[in-house]
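K.L.:
Residue numbers (my numbering), protein chains in the order written: chain X, -4 to 174; chain R, -4 to 174; chain H, -4 to 174; chain E, -4 to 174.
Treat the hints with care, as some may be off.
If you only want the chain E side, here are some residues facing chain H, beta carbon under 7 Å, derived [stated by the list, open to error]:
| id | residue |
| --- | --- |
| 1 | T86 |
| 2 | G87 |
| 3 | I95 |
| 4 | T99 |
Sample of chain R residues with no beta-carbon within 12 Å of chain E, all distances over it, derived [said to hold, decoys possible]:
| id | residue |
| --- | --- |
| 5 | A21 |
| 6 | A25 |
| 7 | R47 |
| 8 | E152 |
Note that these hints are calculated values from the structure, not bench results.
Think of the CB as a built atom: it goes at the ideal place given N, C-alpha and C, for glycine as much as any other residue.
Here is what each chain is made of, one letter per residue.
4 protein chains.
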Amino acid sequence: MRRLKPPRPSGNSPIIAVIGGSAPTAEEAAAAEAVGRALAEGGAILVCGGLRGVMEAACRGAKSAGGLTIGILPGTDRSEANPYVDIPIVTGIRCARNVIITRTAQAVVAVGGSYGTLSEIGFALSFGVPVVGLGTWELRREGHPPAPIICAATPEEAAARALALAQRTAVGKAHQSLK
Amino acid sequence: MRRLKPPRPSGNSPIIAVIGGSAPTAEEAAAAEAVGRALAEGGAILVCGGLRGVMEAACRGAKSAGGLTIGILPGTDRSEANPYVDIPIVTGIRCARNVIITRTAQAVVAVGGSYGTLSEIGFALSFGVPVVGLGTWELRREGHPPAPIICAATPEEAAARALALAQRTAVGKAHQSLK
Amino acid sequence: MRRLKPPRPSGNSPIIAVIGGSAPTAEEAAAAEAVGRALAEGGAILVCGGLRGVMEAACRGAKSAGGLTIGILPGTDRSEANPYVDIPIVTGIRCARNVIITRTAQAVVAVGGSYGTLSEIGFALSFGVPVVGLGTWELRREGHPPAPIICAATPEEAAARALALAQRTAVGKAHQSLK
Amino acid sequence: MRRLKPPRPSGNSPIIAVIGGSAPTAEEAAAAEAVGRALAEGGAILVCGGLRGVMEAACRGAKSAGGLTIGILPGTDRSEANPYVDIPIVTGIRCARNVIITRTAQAVVAVGGSYGTLSEIGFALSFGVPVVGLGTWELRREGHPPAPIICAATPEEAAARALALAQRTAVGKAHQSLK
Chain X
-4 MRRLKPPRPS
6 GNSPIIAVIG
16 GSAPTAEEAA
26 AAEAVGRALA
36 EGGAILVCGG
46 LRGVMEAACR
56 GAKSAGGLTI
66 GILPGTDRSE
76 ANPYVDIPIV
86 TGIRCARNVI
96 ITRTAQAVVA
106 VGGSYGTLSE
116 IGFALSFGVP
126 VVGLGTWELR
136 REGHPPAPII
146 CAATPEEAAA
156 RALALAQRTA
166 VGKAHQSLK
Chain R
-4 MRRLKPPRPS
6 GNSPIIAVIG
16 GSAPTAEEAA
26 AAEAVGRALA
36 EGGAILVCGG
46 LRGVMEAACR
56 GAKSAGGLTI
66 GILPGTDRSE
76 ANPYVDIPIV
86 TGIRCARNVI
96 ITRTAQAVVA
106 VGGSYGTLSE
116 IGFALSFGVP
126 VVGLGTWELR
136 REGHPPAPII
146 CAATPEEAAA
156 RALALAQRTA
166 VGKAHQSLK
Chain H
-4 MRRLKPPRPS
6 GNSPIIAVIG
16 GSAPTAEEAA
26 AAEAVGRALA
36 EGGAILVCGG
46 LRGVMEAACR
56 GAKSAGGLTI
66 GILPGTDRSE
76 ANPYVDIPIV
86 TGIRCARNVI
96 ITRTAQAVVA
106 VGGSYGTLSE
116 IGFALSFGVP
126 VVGLGTWELR
136 REGHPPAPII
146 CAATPEEAAA
156 RALALAQRTA
166 VGKAHQSLK
Chain E
-4 MRRLKPPRPS
6 GNSPIIAVIG
16 GSAPTAEEAA
26 AAEAVGRALA
36 EGGAILVCGG
46 LRGVMEAACR
56 GAKSAGGLTI
66 GILPGTDRSE
76 ANPYVDIPIV
86 TGIRCARNVI
96 ITRTAQAVVA
106 VGGSYGTLSE
116 IGFALSFGVP
126 VVGLGTWELR
136 REGHPPAPII
146 CAATPEEAAA
156 RALALAQRTA
166 VGKAHQSLK
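This is chain X alone, in the form it adopts within the complex (with noise of 0.2 Å):
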């Protein structure tokens, strides 16, 4: 079987991150492939680490629904990229890449999450790129508020955080491509 090809992107698709660990559990995995379906039923383009547990899951997850995904991967080869990512972008820096995945994403769903996420984490935030979690990290510092990561309930609820939010940032920073 076939999987659905990919749509044509837009100008006005949104960039969205899905992050999360390599070995997530079996619930974060299904977790990662239903907010990958639903940002791409919501227009969303997806990027992510291009390797397997979270980030595999989100992207069998957009290809379901006939999204577009890239994989920013770590590597030097183009086929450690997990079998549902579109476009591989071969970095070769190993975990500096988690920089390029976060400024590259107007929104960020955290799934679950590791260290590693932990530093995508921490770059979003000082980005100012909006992160949405599910399960992940909660962070806080002794006499400061906690770290404004929006909880979300379910996949569908986190998708639709990180879609408006993707939006917003938008507007601010307009993608000048295909106008």
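Dock chains R, H and E against chain X, hints included.
P.N.:
This is chains R, H and E only, laid out in the frame that chain X set:
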């Protein structure tokens, strides 16, 4: 007038880079545009540095033939992409992103070129990515054969050589997506 | 008044990072300075992001004890280094340089900290580099143990813990130089 | 026999890179060692890629004259540094670290050289860092003057030219530390 929508990428689409300076001569810009058009007509996805000059001309050419264009941006804002970039990858790592352009491509076409282009040629050759040159650098070391840059006489020849070489690369390192 | 000349590094000198924001409170700056001094007294080379705030305070502390300081700068000009950096490493890759600070260090001390610091903590933990915290982030995920940040009560304790942990790291991954 | 301890860096010490391949001829290795020694005798700090071949020879030469050596490593483990590196900077970004070597240096000496060296020459020239060549690439474009690589006939001349050029660079972009 609206430009054509970009086509759907397919797993068979090679990714080919066009590299060159941001301040080309009129002749170089015209050549870059013709290369971009011929690559898109040949079914390739275009990757480039996403800025002005040769990069913009190549993207404009690719869009005129309905191609898909990726801009690997050096800065932190997607709005620095030229208007013909479909998918802006925002790296923030300045010209260290030259590594990513050349690793992502399965073949490279160099049009004219400044010192930044020279760094990209060096990376492509060291990664084993074939380089086709159109009025670009000649690289010699005494007592050694010249660097294996394939000289093309016309933009169309450059694109045809790059398409053929990318196909060959793809056999070894198949891009796994969209099967 | 001239500051002390930096000492000669030796193959036994551990490299320890101090990380934290560029706009610390007075208390955090004082703590960073005390950590830097104690690390230098303990024979460590200090690595940091090379800019102002916690980074400058830590370097000033290290220099007051005759230590050697390395600044991994995000920008393109060595003059952005604070005046207490002995060896400015000019990366130009903006905050992707956070990866380099944490990989270069054999232990990390986090003082206070913003979202950039959070990205560095995420990287250090994912690389297996021990993190000692002084009034920094607490990281929790429901159903998981908290992230293994070692809380110190005083700057001196933070430095002592980091020195002890760096020694342990060094056994596994010996720095080969100067034997 | 113990090697000499590295000297204390001082704010007046220029940082000079030696670049070249990891598989040099015996003649190139001897030249790199002589360049490293002459640079250290001239008071420079040596920066290089930290690995074998030209890099190791240059570091060995610098250490034989009591110099200080910095290795900007491509991998994730400090133990990949050659035994003559005093300060291993662990980047993990593979050859994207070539940008850092050339930005950190106030002048570059290229000895022989492969395609990686070519990328470094391209970066140095585009950053305005002077390049002195010893049996390295000649770079020409039809209708343009050749690239401004300063040819040296001997290792001693190469080091002397680089030291003089680094001094000039330092006037414009003073390294602020240790005054």
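K.L.:
Each hint should be assessed against the structure and marked as holding or not.
P.N.:
So, going through the hints one by one against the coordinates:
1. T86: holds, 5 Å
2. G87: Cβ of G87 of chain E sits 5 Å from chain H, so the hint holds.
3. I95: holds, 5 Å
4. T99: This interface hint holds because 5 Å falls under the 7 Å limit.
5. A21: holds, 14 Å
6. A25: Holds, because the least Cβ-Cβ distance between A25 of chain R and chain E comes to about 16 Å, which exceeds 12 Å.
7. R47: holds, 16 Å
8. E152: holds, 17 Å
Checked against the numbered hints above, the structure breaks none of them.
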